[in-house]
Structure formats: structure tokens, C-alpha cells
Amino acid sequence: MIKTTPYVKQRKSYGDRVRTMGDGMHALFLLLPYGILFSMFIAIPTAIAIFLSFTYFDLVQMPTFAGLNNYIALLTQDGIFFRNVLPNTLQFAIIVGPGGYVISFIMAWILAQIQKVPRTVFALCLFMPSLAPGVFVGTLWVTIFSGNQYGFVNAMLLNWDLIDQPIQFLQSADHIMWVMLLVSLWSAMGLGFLAMLAGILNINEELYEAAYIDGIRNRFQEIIYITIPSVKPQMLFGAVMAIVGAFNAGGIGVALSGANPTPQYAGQLITNHIEDFAFIRYEMGYAAAVSVVLLCMVWVFSKLAYKFFGERES
Amino acid sequence: MLNSGFQGTKINPSRFHRSQLKFYLILIPISLFMVLPVVFIVSQAFKPIDELFRFPPTFIVERPTLANFRHIMRVASGTGVPMSRFLVNTVIVTAVTCFLTIIITAMTAYGLSKKKFKIKNGLLKLNQAALMFVPAAVGIPRYLVIVGSGLNNNFLAHIIPFLAMPVGLFLVKQFVDQVPDELIEAARMDGAGEIKVMWRIVFPLIKPALATVTILTFQAVWGAMESSTMFVEDDTLRTFAFYLGNLAIGGNPVMAGVGAAAGVIMFVPNLVIFIAMQSRVMSTMSHSGIK
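These protein sequences, in sequence, are chains Y and S.
For the first sequence, the positions run 1 to 314 when our numbering is used.
For the second sequence, the positions run 1 to 291 when our numbering is used.
So here's chain Y without its partners, still in its complex pose (with noise of 0.2 angstroms):
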């Protein structure tokens, strides 16, 4: 579970309880602003949502009470939330959050086995799609598979005579959906990647001696009884990262196909349908209900994360 610093309670002297007031106060002052922007960014804009989950609201006219009705539509009447949004967005998550993270410790892993000038070299490399912005990354894809002549894929298939007709690798179901994976996969090396070959470059050399003399005797035993043992607060932090970005990704598949929705819902994931609903029919209610049911969704896999590399409460 989370542990923080501990804060040891403990009867205090007058001039302690003096001392931990002006402390008191000075913290105030240090935690104000970031205290006002997250309350009105992050904290208020959540409550807003969990509120108007339980409203009809077009923008236009004031919210209406809606009790459960926006959640028990979402249950009983959205086909396509049910039939394509909830399983694309499941597969996704799951291929892109822990799919990517394995990646990311193995190739942070691999990394720390060789010297360290290539090392940098070459974790630049797999950092290097973390650093592009969306709009680089949609253009860069779409040139690639574009469902013409013009792009890469098409033209090098066309030239060696695989195919007679361009192949719409963005605009039809059948393909839309891992052409998603393979550019989500290909940008998962975020954050979470830097931060496990922090951790593993960091663990003292010395435990893999004493463990050598312990009898462990091959690099896969290194791993499961030193390393991930030794970096499982970067593992945690990684997984976290990993887990977010998987279900922040929504745009991709939009930018991809330039539409949304995506052909034939295909590639149809949940903050697809969020804006679907919020920018496109105006229904702010029931968008507002399906924002809930995506943080749930996020807090259940940060939750299982925890339960998998949190150290337990002793």
C-alpha cells in the first residue's frame, strides 16, 4: 500500500506545539497555490463530473436531476459501448498498459547489462517516441499507412507486386484496431521506462554478490529474487504511468482514421466515446456517466497494481 514519510504522533513540549503551529502556517502559505490550481483542475472537475453523471445537461439549459438513469442507459441501452467501446478499450488497455510495461522493464533490464555510452545511445532510441507530440505522431503514422499509393506501407506492397489495391489500413475495421496497438506500443517507453533502468542501474552491486553466494545461479533467478525486489517502487510508479497513458490514448485512433467515430466503431475507445457524446451530440449527462465508469476502470488497474509491487503494510 501507499506509505509515506511517517509522521510520528508523539506528545509535544509547549515550544514544540509552538514550533509545529508556525510550521503550520508556513506550510499553508507553501501549499496555496498549488493547492488552488489542483482544487480547480483536478479535484473540482472530478466532483463535477461524478455530479453531472447524475443529470441531463446540454450545455444550454441548466442540469436536470437524472438519478441513475444516464448509468442504467449505459447498462441496458448502449449497443455500442457494450458490442465495441468496452471490449476495444479493454483489449487496448490491457496490450498497451501491460503489454507495453513488460517491454519497458525488459528493455530497461537489457539496458543495464551493457556499457554505458551505448546504453545512452540506445535508451534514447527506444525514449525518442515518448518525446513526439500527438500531431507528430498522427502525421507520421498516417504517411505510413495511408490507404493510397501515397503511403509507405502501400507503395513498397504495390511495388513489389503483393497486392493489386492499396490497402485501407485506416479506414477499415478490419485493420484499424493494430495499426492503434503497434503505434501505442511503439510510444509506450514513457516515463515509467526511464524510471525502472533508473531503479535497476541504482541497486547495489553488492546484493547480487552476497546473493551469488547465496546459491542463486542464473540471471533469470537475479531477477526474480534481486531486481524486481529492488526496484519495485520504480516498478509501482512504472505501472501507474503505464496504466494511465493506456486509457489517456483515446486520440489515436481518431487522429488515425480522421474520424470519429472511427470506422465501424473498430477502433472506438471509451474517451472516444466520452467526446462522442460530450462535443458531438451534446449529451454532457450521459458523457459525464461514462467519464465516471473510465476513472473506475482506471483505479481498478492502479489498484491491482498496487496490490502487485506495493510494499505491504507491516
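Any given hint might turn out to be false.
With a cut-off of at most 30 angstroms between alpha-carbon atoms, the simulated DSS-like pairs for lysine-lysine come out as follows [claimed, not checked]:
id	chain 1	residue 1	chain 2	residue 2
1	S	Lys291	Y	Lys116
2	S	Lys115	Y	Lys232
3	Y	Lys232	Y	Lys303
4	S	Lys291	Y	Lys232
5	Y	Lys116	S	Lys125
6	Y	Lys303	S	Lys196
7	S	Lys291	Y	Lys303
8	S	Lys207	Y	Lys116
9	S	Lys196	Y	Lys232
10	S	Lys207	S	Lys118
11	Y	Lys303	S	Lys22
12	S	Lys196	S	Lys115
13	S	Lys22	S	Lys125
14	Y	Lys232	S	Lys116
15	S	Lys196	S	Lys207
Sample of chain Y residues with no beta-carbon within 10 angstroms of chain S, all distances over it, derived [unchecked claim]:
id	residue
16	Met62
17	Asn69
18	Ile80
19	Phe82
20	Pro87
21	Val102
22	Gln165
23	Gln168
24	Ser172
25	Ala173
26	Asp174
27	Ala195
28	Asn202
29	Leu236
30	Arg281
31	Lys307
Which stretches of chain S does chain Y cover? Using the computed rule of at least three CB atoms under 8 angstroms from a CB of chain Y, they are [as the list claims (entries may be wrong)]:
id	region
32	29–39
33	90–99
I should point out that these hints are in silico values taken from the structure, not numbers from a laboratory.
Beta carbons are placed, not taken as given, at the ideal position from N, Cα and C, and that holds for glycine.
Once you have looked at the hints, place chain S on chain Y.
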């Protein structure tokens, strides 16, 4: 070293050993997969129009030209706002946001790490929970807050929503934890006030973490289109990313080269800043663990 078996499994080895070859065999193809698309799009950005439409396409540009970049400099937005206006907007927004984020994050991290007060643990947990925050889920409520606080169609709408960054605060707070309390006590004994302690003792010691926050903020703000599309209606208040993003979208083949050039302009600053600060980022990330 203890025995020959151990030598091979060293982390962070100082010399090359044959046993490392297998790692290169994995790293090289994956790195190519990561880098080649970028090489291709950069090369695309320098292609003249006839080469963009050549069949079969060239991977590396044969006759590089700056025409696509010149096109970006020359054209103006639909409402006749020149490119330079967007660029100036973005430079101001990025500089101000980075500066304010550093100050606010460092202050807050110092307060949360070194001060003792009742709800401290609760606040730390709250910020840790906010690491899971998915901005995409609350687009509408954020918009309502912006409108409610009168920030819409205001230049500040590009800056203020980005100042509170839970990940940044988390990383910096972990770093401030490493600053020994004795150092701060000693400075107090010498009569240093709160501001002096922060400025002279804490800030210099947490520079790597602040550099990391700068990069994260820069990346978030420099490439942000959300604030321009949602919070601002006046074209003269919009940013460079918005302008370039609109050039890049559309899949119009004639614009392919221009779109690629726009992407490259967005990408290069991120890359340069990261390379310049990478060792600081790595030292921050080694303290990133959640316990």
C-alpha cells in the same frame, strides 16, 4: 570479483564482453523500429513536391529542399493571422508556464516534505491518487471551470490549467526528501529565513528534479492544442501547436510535406531539451519509486 560466473552478470559493466552481444541483437532491431519512422518523416519534410509523389517512394530524401518549411513561414491562418503571432504566443506561454510550474512545484514539494502539520499524509496520498488522473475524462468539467472562472478566451487559459502537475510534484517531493533536515536546521541557526532556506539550500540541491519538471511541462505545453481549440475563440490568442496541427491534419497529399515539416518543428525542441538534460532526468527517476 568473486568468480568468473559473476563477472558476466554485472549490471552497468565497464567493459565490453562477448556475452553482451545477445543484448545488442535484441536492442538493434527494436531501436530501428523506434527510430526509422522518425527518420522517414524528417526526410519527408525535406522532400520537394515531385519527390513526395514519386512511385515507388524514396525513404531518404534525394533532393532536399526547405520549401515545406518556407511554406509554413509564409502562409497565415484562415483568418489572416500570421504564423509569427502564433509562435510568439507559444514562446510566451511555454516560458511562463515552465517558470511558474517550477516555482509552485518546488514550494509545494518543500512544504510537503519538510514541514510538519496534521493533514500532511492525507495530502500526499491525495496527490499520489492524482497520478492516476486521466485528463481526457474530465474535458467538459474543466471547460466549465474555465468558463466559470472567466478564463475562457483569455491568454491565461493556456497557462493556468497546466500549472498543477501531480507527477511533477511527486517526483520533486521525493527529491526534497533526500535533503538532510540537519542542513536546513543549520541554515536556520545561522538566521536564514524561510525564503533564504529554500533559495539557497533546497533549490540548488533539487535542481535535477526541477529540470525534469521543466521538460515535462515543456512537452505538455509546447505541443498542447486542447487549450487553443476549447478555451480560446480569438485566433490571435491561439498557439503555434494549434496552427501546425491544423496544417498537419487532413491527409491531403499535397500538404503531406508541409504536415511533416510542421511535425518536425514540434518534435525537435522536445528532443533537444531532453538530450541536454537527460542525465538530470535519470537521476530524478531513480527517486521515482512509490513505496
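I'd like to know which numbered hints this structure contradicts. Please list them from smallest to largest. Hint check: 5, 6, 9, 11, 13, 27, 28, 29 and 33 fail, others pass.
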